[in-house]
Amino acid sequence: MAIEAPDYFRPENGVVLTHLLIVRDVERSREFYRQVLGATVVRARQPAILRFHNSYIVINDEGGSTDDKPTVRAEAPADPDVLSSAMNVRVTDVWAVYEQWRSRGGEFLTEPKDHGVEIRCYLRDPDGYLIELGQGTGILAEAAGGE
Numbered sequence: 001m002a003i004e005a006p007d008y009f010r011p012e013n014g015v016v017l018t019h020l021l022i023v024r025d026v027e028r029s030r031e032f033y034r035q036v037l038g039a040t041v042v043r044a045r046q047p048a049i050l051r052f053h054n055s056y057i058v059i060n061d062e063g064g065s066t067d068d069k070p071t072v073r074a075e076a077p078a079d080p081d082v083l084s085s086a087m088n089v090r091v092t093d094v095w096a097v098y099e100q101w102r103s104r105g106g107e108f109l110t111e112p113k114d115h116g117v118e119i120r121c122y123l124r125d126p127d128g129y130l131i132e133l134g135q136g137t138g139i140l141a142e143a144a145g146g147e
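Heads up: the sequence shown begins at 1 in full-length UniProt numbering, then just goes up one per residue.
Please note that a few of the clues may not be correct.
[As the list claims (entries may be wrong)] Beta-carbon label-pair distances, calculated as ranges:
{"id": "1", "residue 1": "Asp-67", "residue 2": "Glu-107", "range": "37 to 47 Å"}
{"id": "2", "residue 1": "Lys-113", "residue 2": "Gln-35", "range": "19 to 29 Å"}
{"id": "3", "residue 1": "Glu-107", "residue 2": "Ser-65", "range": "32 to 42 Å"}
{"id": "4", "residue 1": "Gly-138", "residue 2": "Phe-9", "range": "34 to 44 Å"}
{"id": "5", "residue 1": "Arg-28", "residue 2": "Arg-73", "range": "13 to 23 Å"}
{"id": "6", "residue 1": "Glu-111", "residue 2": "Asp-67", "range": "44 to 54 Å"}
{"id": "7", "residue 1": "Thr-66", "residue 2": "Ala-96", "range": "33 to 43 Å"}
{"id": "8", "residue 1": "Thr-92", "residue 2": "Leu-17", "range": "19 to 29 Å"}
{"id": "9", "residue 1": "Gly-38", "residue 2": "Ala-86", "range": "12 to 22 Å"}
These aren't lab readings, by the way, just hints derived from the structure by calculation. The C-beta atom is built at its ideal place from N, Cα and C for all residues, glycine as well.
Kindly produce the complete structure, drawing on both the sequences and the hints.
Following this line, the structure appears as structure tokens:
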């Protein structure tokens, strides 16, 4: 049974966790997450908000400081090969999702690789954010008290 995301604007239990992405082009990034990952647009801009299964992705422009964060600038990743944050998407069939997202234009760094406890692969969004796509395998046995 799929778990739906809580209402972004009025969370049922008073809290909803989202992932904020600072990007160079909101429309381009919104369309990537909509077309490739299949996210649903809840709000198109300022910021863009997309529902992705049981969570949300918030996409906003780069910009200078604001009165509530006076020393902080918002910038997209300067170097896509330096990892400071990544979305981690867990699925039950990594190969099926890999093929689906690839057919929609997703460009993966490699095909899914088996690491014993999980099978995983990575793709980048238009601004270089890394998205890990993975499927638990041996880690499920560990969690159940197995190996």
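Evaluation of the provided hints:
no.: 1; hint: Asp-67 x Glu-107: 37 to 47 Å; in the structure: 39 Å, holds
no.: 2; hint: Lys-113 x Gln-35: 19 to 29 Å; in the structure: 25 Å, holds
no.: 3; hint: Glu-107 x Ser-65: 32 to 42 Å; in the structure: 34 Å, holds
no.: 4; hint: Gly-138 x Phe-9: 34 to 44 Å; in the structure: 40 Å, holds
no.: 5; hint: Arg-28 x Arg-73: 13 to 23 Å; in the structure: 21 Å, holds
no.: 6; hint: Glu-111 x Asp-67: 44 to 54 Å; in the structure: 47 Å, holds
no.: 7; hint: Thr-66 x Ala-96: 33 to 43 Å; in the structure: 42 Å, holds
no.: 8; hint: Thr-92 x Leu-17: 19 to 29 Å; in the structure: 22 Å, holds
no.: 9; hint: Gly-38 x Ala-86: 12 to 22 Å; in the structure: 19 Å, holds
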